[in-house]
Amino acid sequence: MRACLAALGVSGLLLGAAIGRSQQNVPVPAKPAKGKIFAVNEIDKAPEKARAKSNPLANDPEASRAGRLLFERHCTECHGNAAEGGRHAPSLRAAEVQNAPPGAIFWILTNGIVRHGMPVWSKLPEPQRWQLVSYIQSLGVKPTAETVSLPTP
Numbered sequence: 003m004r005a006c007l008a009a010l011g012v013s014g015l016l017l018g019a020a021i022g023r024s025q026q027n028v029p030v031p032a033k034p035a036k037g038k039i040f041a042v043n044e045i046d047k048a049p050e051k052a053r054a055k056s057n058p059l060a061n062d063p064e065a066s067r068a069g070r071l072l073f074e075r076h077c078t079e080c081h082g083n084a085a086e087g088g089r090h091a092p093s094l095r096a097a098e099v100q101n102a103p104p105g106a107i108f109w110i111l112t113n114g115i116v117r118h119g120m121p122v123w124s125k126l127p128e129p130q131r132w133q134l135v136s137y138i139q140s141l142g143v144k145p146t147a148e149t150v151s152l153p154t155p
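Our numbering puts the sequence shown at residues 3 to 155.
By construction, these hints were calculated from the structure, which means they are not laboratory data. One or more hints might be untrue.
Think about it this way: if two alpha-carbon atoms lie no more than 27 Å apart in a straight line, the pair counts; the simulated DSSO-like pairs of lysine-lysine are [as the list claims (entries may be wrong)]:
1) K125 to K55
2) K51 to K125
3) K125 to K47
Simulated restraints, written as ranges between beta carbons of each label pair [as the list claims (entries may be wrong)]:
4) R117 to D62: 29 to 39 Å
5) E79 to S140: 14 to 24 Å
6) K125 to H90: 15 to 25 Å
7) V143 to N43: 14 to 24 Å
8) E86 to G114: 12 to 22 Å
9) P145 to S124: 27 to 37 Å
10) H90 to N61: 14 to 24 Å
11) N83 to E50: 31 to 41 Å
12) N61 to V116: 27 to 37 Å
13) N61 to R89: 28 to 38 Å
14) K51 to K125: 15 to 25 Å
Note that CB positions come from ideal geometry on N, CA and C, so glycine has one too.
Work out the full structure, taking the sequences as your base and the hints as a guide.
Given below as structure tokens:
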């Protein structure tokens with residue numbers, strides 16, 4: 003009983019401190035944007051063993067085409083038709099994704115990012131996951147306003 007009361011007291015103190023902070027106009031740190039930081043953080047979590055895997059379909063021109071069909075069926079709802087991201091998922095055309103090792107992308111596809119809403123695709127046959135990797139890596143980095151140069155007159 004004493005332990006419960008002590009825990010309740012500590013909870014009350016923490017709640018009171020949180021309320022006090024919000025009333026003092028203390029700035030709250032901004033949430034990181036979904037795009038770059040999100041993609042980098044998730045790619046960096048891939049174990050080294052997974053990162054070291056190479057795509058066995060890397061030289062198969064049909065793999066990218068098959069991957070595109072899989073992407074259209076399973077991924078466009080969140081990542082968008084052009085894989086440029088949306089409200090629910092980051093752009094797969096970001097440099098961080100495009101420069102990631104194929105094994106890291108495969109690991110993310112296999113394990114998902116459930117806390118951010120990306121499902122686990124481990125039940126998708128392994129060759130199809132590699133086809134998705136082929137397609138994702140075939141997209142290339144989307145040029146931004148900063149990287150587009152205007153022609154000189």
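Next item on the list: Could you tell me which of the hints above the structure violates, numbers in ascending order?
Entry: 10
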